[in-house]
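Residues per chain, in single letters:
Protein chains: 4
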Amino acid sequence: MSVTWRDDKFHDECGVFGIWNHPEAANVTYLGLYALQHRGQESAGIAATDGQQFHVEKAMGWVADVFSPERLRRLPGHRAIGHVRYSTAGGSKARNAQPITANTARGPIAIAHNGNLTNAETLRTEMEREGAIFQSHSDTEVILHLLARAPAGALEQQLPHALSQVTGAYSLMILTPDAMYAVRDPSGFRPLSLGRLGDSWVVASETCALDLIEAKFEREVAPGEIVAITDAGPQSIRAFPSTERQHCVFEYVYFARPDSVLWGRNVHTVRKALGRELAREHPIEADVAIPVPDSGTSAALGYSEQSGTRYEMGLIRNHYVGRTFIEPKQGIRHFGVKVKLNPMREMLEGRRVVVVDDSIVRGTTSRKIVRMIRSAGAREVHMRISSPPIQWPCFYGIDTPTRKELIGASHSVEEIRRYIGADTLGYLSLEGMLKATGSDPAQFCHACFTGNYKVGIGPEASPQLRLFEP
Amino acid sequence: MSVTWRDDKFHDECGVFGIWNHPEAANVTYLGLYALQHRGQESAGIAATDGQQFHVEKAMGWVADVFSPERLRRLPGHRAIGHVRYSTAGGSKARNAQPITANTARGPIAIAHNGNLTNAETLRTEMEREGAIFQSHSDTEVILHLLARAPAGALEQQLPHALSQVTGAYSLMILTPDAMYAVRDPSGFRPLSLGRLGDSWVVASETCALDLIEAKFEREVAPGEIVAITDAGPQSIRAFPSTERQHCVFEYVYFARPDSVLWGRNVHTVRKALGRELAREHPIEADVAIPVPDSGTSAALGYSEQSGTRYEMGLIRNHYVGRTFIEPKQGIRHFGVKVKLNPMREMLEGRRVVVVDDSIVRGTTSRKIVRMIRSAGAREVHMRISSPPIQWPCFYGIDTPTRKELIGASHSVEEIRRYIGADTLGYLSLEGMLKATGSDPAQFCHACFTGNYKVGIGPEASPQLRLFEP
Amino acid sequence: MSVTWRDDKFHDECGVFGIWNHPEAANVTYLGLYALQHRGQESAGIAATDGQQFHVEKAMGWVADVFSPERLRRLPGHRAIGHVRYSTAGGSKARNAQPITANTARGPIAIAHNGNLTNAETLRTEMEREGAIFQSHSDTEVILHLLARAPAGALEQQLPHALSQVTGAYSLMILTPDAMYAVRDPSGFRPLSLGRLGDSWVVASETCALDLIEAKFEREVAPGEIVAITDAGPQSIRAFPSTERQHCVFEYVYFARPDSVLWGRNVHTVRKALGRELAREHPIEADVAIPVPDSGTSAALGYSEQSGTRYEMGLIRNHYVGRTFIEPKQGIRHFGVKVKLNPMREMLEGRRVVVVDDSIVRGTTSRKIVRMIRSAGAREVHMRISSPPIQWPCFYGIDTPTRKELIGASHSVEEIRRYIGADTLGYLSLEGMLKATGSDPAQFCHACFTGNYKVGIGPEASPQLRLFEP
Amino acid sequence: MSVTWRDDKFHDECGVFGIWNHPEAANVTYLGLYALQHRGQESAGIAATDGQQFHVEKAMGWVADVFSPERLRRLPGHRAIGHVRYSTAGGSKARNAQPITANTARGPIAIAHNGNLTNAETLRTEMEREGAIFQSHSDTEVILHLLARAPAGALEQQLPHALSQVTGAYSLMILTPDAMYAVRDPSGFRPLSLGRLGDSWVVASETCALDLIEAKFEREVAPGEIVAITDAGPQSIRAFPSTERQHCVFEYVYFARPDSVLWGRNVHTVRKALGRELAREHPIEADVAIPVPDSGTSAALGYSEQSGTRYEMGLIRNHYVGRTFIEPKQGIRHFGVKVKLNPMREMLEGRRVVVVDDSIVRGTTSRKIVRMIRSAGAREVHMRISSPPIQWPCFYGIDTPTRKELIGASHSVEEIRRYIGADTLGYLSLEGMLKATGSDPAQFCHACFTGNYKVGIGPEASPQLRLFEP
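Which chain is which? The protein sequence lines are A, B, C and D, in order.
Counted from 1, the first sequence has number 418 at position 352 by the numbering used here; the numbering is strictly sequential.
Counted from 1, the second sequence has number 492 at position 426 by the numbering used here; the numbering is strictly sequential.
Counted from 1, the third sequence has number 373 at position 307 by the numbering used here; the numbering is strictly sequential.
Counted from 1, the fourth sequence has number 392 at position 326 by the numbering used here; the numbering is strictly sequential.
Check the hints yourself; a few may be wrong.
The list treats identical chains as one, so a pair stands whether inside a single copy or across any two.
[As the list claims (entries may be wrong)] Okay, derived cross-link-like pairs now, SDA-like style, lysine to any residue, Cα gap no bigger than 20 Å in a straight line:
id, residue 1, residue 2
1, Lys406, Pro359
2, Lys282, Glu415
3, Lys406, Arg383
4, Lys406, Tyr386
5, Lys470, Glu481
6, Lys75, Asn384
7, Lys501, Ala475
8, Lys406, Gly498
9, Lys501, Arg532
10, Lys470, Ser528
11, Lys406, Asn332
12, Lys406, Ser134
13, Lys470, Tyr519
14, Lys282, Arg437
15, Lys406, Asn185
Simulated from the structure, these hints should not be mistaken for lab results.
As the structure is a prediction and not an experimental result, all values here were calculated from the model.
Isolated chain A (complex conformation) (with noise of 0.2 Å):
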């Protein structure tokens, strides 16, 4: 009877955030988590420390939920790192809430991590075997094993070591007693930014967290960094070998905030000239461009602007907006998305309408907007999709479903719209959405759409990826 909801969407897993020296370390902690809260709604958490004592704070819910006065009170202290994080399928768990923390041979550490290792498992049996204890199944935990294994030395030397025997995608907060550590993989899949706010150092996952707080923006944190604060600001350590960048299109294209900055762009603004671009593929004939929001309200702007076809709103969200249903046994027809959005009949009626969407994952969800926006009464339905096909699941930090229940990883973008139901379906290609980005198309990470996972994914990858039962 009762229903979890999810957006068939790929999703985020997690955000970052950490503060050095602040009064208030904890209390702004919160706000950057709040304005992170898009990466992560299943839990949030803070470790906080005055250099000696560490306190946490960790739950299951929203930022604003979570973190009550009460709670917030209990995390004194000048320094703090705070963490959100995604509901991944069955591993939904209070025990896998972040930051984690423990007592090691040199003291007190907590560390949140936004990202994927694609060898946890093999480090972890391996560390398992020698006689490690671990507590949850989270990547974070293998890192905290290796760095307690490390040889004897400053951290940063201990953190290079244990970093060099991980793969995949990883940005890091790292908080000790007497320094916090910023990391962002060699690859540089997930953002991470550094910002400044009076005399202290701040980090976030996106520049809105730093908006909110009025941080100034200082730079991101380069692929393959490690930066250290101390009270003597942040020095950079190069730890890793270069490699080629690999930043996550798809946080242009979905996850990222329209008002962050990424990679020296202001996301909306990418999402519009993907729009462009896509008007520009797929041009048709309409009353209407309507965007399912909020999803492709940037990108049916820009489409709207390119095409000449009027913007409008046809479909409301109602934003208040749970995490479970209670789903009528008496079947409602497409009840899924309905708790999310209403189509408006006078908007719709009679008109052709072109609606724009990021991407389809299932295809259930498009499915049954499409059959919402008919049965409101529109003459044709334009289906527009700002990327290309997603065939690929994501190793490197998105909670994506597997190969096979992937619709564009099985079905032509004819047998996709004859699903969906709509009367033309457009999917923006690989280069329009490369070249709408405005930066240089060598840099990003496209696997989703293409297969070329330039990062090992190692064996345990291989069930996800097969597109029939062996």
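Please build the complex by placing chains B, C and D on the supplied structure of chain A, with the hints as guidance.
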């Protein structure tokens, strides 16, 4: 340190819903309330019955948080009514949650109420003097006591007897073991619609709730009408003498969901018409027209279409908002609204910006928004409001500040412009607003703009009407 | 699988406490209630006032669990009354917790009540017919409504007016902004004592509550007396005509704490006298006399002293008992009482055992105890009961089963002996019991032994009095 | 304002329980823990398995409060171990609750532990230096890490390897998918018994837990024995060289439940013998002998029987005690103990009173009790203690104050008598105590009386042994 964030907006006080003869009455009511969440976010409640036992569940919080599957299972029966309540200042308490229930000499009864009685205090004092014991300060309980004291007889007789003693605004749902009653006051201030879902009858404050459950809209409950629903279907009782209609025009301007159909017209369409009228009355040369999301979105679209000024997103809204925030002591400038809105420099820098909102109450938020847009680099900021200056408090079911807090009550438009710091400020005229509704102007209440209170507000109102301390 | 454990005992329904003029009124009330915990373990509550605002905190559970420091801080003011409530079958609900409070025409009022009205249902129906709305089924609310409906005037006049309409047993604490009232019904069924603590006046159901807070016992509140306590001190109002005293003899037999002084005598001393009398009436040759702890402990000591049979501990009681137990499906023999009592083989094996308890209600527990003692090796088991066979339900404030559930109502002593499996069974005689109290026998109510109900019990009682289904 | 009430007593740190092959393993464990509640009231926990999945539920609080039916339903499987934990000062935290569980290279494992390791800190530091990550400060986790690091092989080999590295006291329950292990340290400080319930095998700290579930006592687990229980039944492994027995004599004096059978003798019987011996060593002319309930009850009975002084109840104990009390600021004299004990004037006034208790730790409570008895009118107060003066802290699993807090460590008996205000004070001699046990005196640990620590306590102990600040 912790502050409750409140928009500087008028707020509806409630939404009601009811369903008769559905095997999952509570589940459907839950969905209906979810669609009405914008009418009240403080508390939610459902009363259900199998015709004998009454069960009630209500609590502080959003619908999706209050009603777990467990809680809904405690609400068996084929009939239910529900309620969402807005938090009025100071009165935010669990015991004010509705529906309220009681055992009377004629058996159990449950009531859910949207509106405000203007003579509640007087009636209450009178009944207390005769020995009545009140549990709360709610108007709803006054109605309950009037019903309990009505001369013996059928509820169809008792209801008119009880309601003939009250003045003010009310849209009521009443559930007894034998019938469900939907009642609208003779002036028809608040909306109330009747729908049908298979063999079930449904009543809701707005049609968007009918849409979600796929009920067919039948008609509005008429002003002064009691609709008594039994297994024989709805029966109309016209118990009150007909009087002048007083539809709340602010439902069109701001309260109702854009996808609802109200008094015969789609709300988004009316709002676009308000925006178009606004463009005609207050044109300006500009580069972009941006809404204050989400309240100004529809009007901004209309403004853009009429004026030809390009529609753009200049402010991004964070929807993961909770109700209480921890404000850092070290002030962040214009913090309040920042937790909801972030300006996008790329869209605003160097531009002449028209920003469209629905209304200005105290002016504090508008002032912060103008500053926010300017600090993002806008060359000019022109504020456009799709309704006239608010000058008077509402006594008909809307939560408003007292008169002396309303900036429009004591300041000229030019003074307001200076206070909020805009280059120009244009309010829609009363005539323009009424014209844009596309309905007979005489059927609207616009007392908040004109002070023209057509239904007696009594001596209890006077403290709220003063502009100066006596 | 889960069962609620209940002693096969009669149970008191409540304890009350009040304090006037103490800087920590709520804290002291908390302590007072803690000392009265044996009179009711279902719920606890405190209402406190500074003379203007009333605050109430009440919840299900034991005093020490209900009242956190946090909760007590929410009870400021120099005056407070409190209540502990026993869980009557079926009526175990949070909304029955006391004190109950209400706003009446004369202002706020709080009431805590120990007792039972025999005409509550009649009064309630009558007032409902006149429009009164009741929130609960408690007798206390009936008193509240009678007070609200009393002719205008001082509470000193209203109280006698209201209480003259009720019959039955009541010891009441009433708190208003101006005064605290302690009231005892004209028959004086339930105890109520007045004490002094420095400049404060204290009222409590039993003197053990005065002891804990080191208040000095002043006197009992007299039957039919209203003690009105203001800053001028206590003032006695004799509002009711004098009538025959009906002190509940069962308070001596079982309910009251052994360290309380009741009707002029220490309870433990009376219980020892009951045991001595029992030894005189029912002597037996035996090796040890053991109590059923804790209810039979005092009487067993008296029995041992009188008879010369050695006092021993044969059953160990586990005091860490909660209210609900998970009973394994695979039956453990005589499980119910096992969670509380464990026999000690070393003390019982091969011995002739006299086991002393205060009363037998249904007989089920006594049967289990006898078996338990036998299975631990006792050669003979002689049950001795320090009161006569219980044959009638109580209508004066005690929670009792209906008549047909009382084993003493339908079975001879010999039949009971066979049912419980004892070698001999001896009940104390009515005369023996009354003699052991050391007071005038005429002043006690012993209706539960004799059916001699001196105060009208009305038609509502008849279903409970039937021995056979009609 | 709020104070945690603690008896001035030594306290056991834990109780353990386990059952193999029972369809309701968790339910029975719940009952077993309930019977062991006196060994630890801070937290309770159960780990259960069906041989594959492990489920754990643990929380702060009493057994009956922690385990709702709901919670027990989350513990399926035919095997379970459980634990109750005492709150040691400062260490009262949820994360210290047991059983602790972990995934190791050899699969899941759960451990419950009663005892104290004397070299835990040393082992922990060493393993941390090698990269181990600890979650808590508990000794139990040290054992877990030793096990995880043992050379690959069967747990039967790993267990002796791991435990050979630890010194101190431990009675352990270990659950793996394949077997349940009961382990007792070579000295046998803490009790541990094996029982049988139909086809199930049961292990418990005390036999009273076997009684409640009606399991048959088989034998004690021998010092230094590992009992490995599988479906093939229990198999004994003697893994450690035999050493001198060190049964904790204080289990007889105070810790164990009187109805348990320990080291071959019923505890109540031993305590009565202690009381008789005490009467022989310290006779006095008196009117009544009263216990400090419940700790002195058995000894007082023995004292009375031996001396002929009449046994009486002079102090009534309130058993509805929670853990935290709100102490009024305006001091009530000797408040602490008053929440538990109330003197009865009628039993004490004008009398010469012998009061019997089991031990004196700091002396503060004894002092209050003597005053309490005197203020109730006693003519003389003679304190008798059924064990010698406590002079040394325990390092073998008992929560004791440091040496300088022990009144017996720094004061002569005469000084203590003056401090507590008794007319005479008599402690049982070491010889008298050992003789009363009825066993070989050489097999007991009595280090808390003599400082004769037979098992290495290491340098970590020294701060607790100091009488004066260095």
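Verification of the hints:
1. Lys406 x Pro359: Both. Shortest intra-copy (9 Å) and inter-copy (17 Å) distances satisfy the 20 Å Cα cut-off.
2. Lys282 x Glu415: This pair counts as between: shortest inter-copy Cα distance 17 Å, intra-copy 48 Å.
3. Lys406 x Arg383: both (5 Å within a copy, 17 Å between copies)
4. Lys406 x Tyr386: both (9 Å within a copy, 14 Å between copies)
5. Lys470 x Glu481: Answer is within: at 15 Å inside a copy they meet the 20 Å cutoff, but 63 Å across does not.
6. Lys75 x Asn384: both (17 Å within a copy, 19 Å between copies)
7. Lys501 x Ala475: Cα proximity of Lys501 and Ala475: none, with 23 Å in one copy and 54 Å across.
8. Lys406 x Gly498: For Lys406 and Gly498, the Cα distance exceeds 20 Å both inside one copy (30 Å) and across copies (33 Å).
9. Lys501 x Arg532: neither (31 Å within a copy, 62 Å between copies)
10. Lys470 x Ser528: So Lys470 and Ser528 pass the 20 Å test inside one copy only (12 Å; across, 65 Å).
11. Lys406 x Asn332: between (27 Å within a copy, 19 Å between copies)
12. Lys406 x Ser134: between (27 Å within a copy, 18 Å between copies)
13. Lys470 x Tyr519: within (17 Å within a copy, 64 Å between copies)
14. Lys282 x Arg437: So Lys282 and Arg437 pass the 20 Å test across copies only (18 Å; inside, 46 Å).
15. Lys406 x Asn185: neither (38 Å within a copy, 40 Å between copies)
Of the hints listed earlier, those the structure fails to meet are numbers 7, 8, 9, 15, in rising order.
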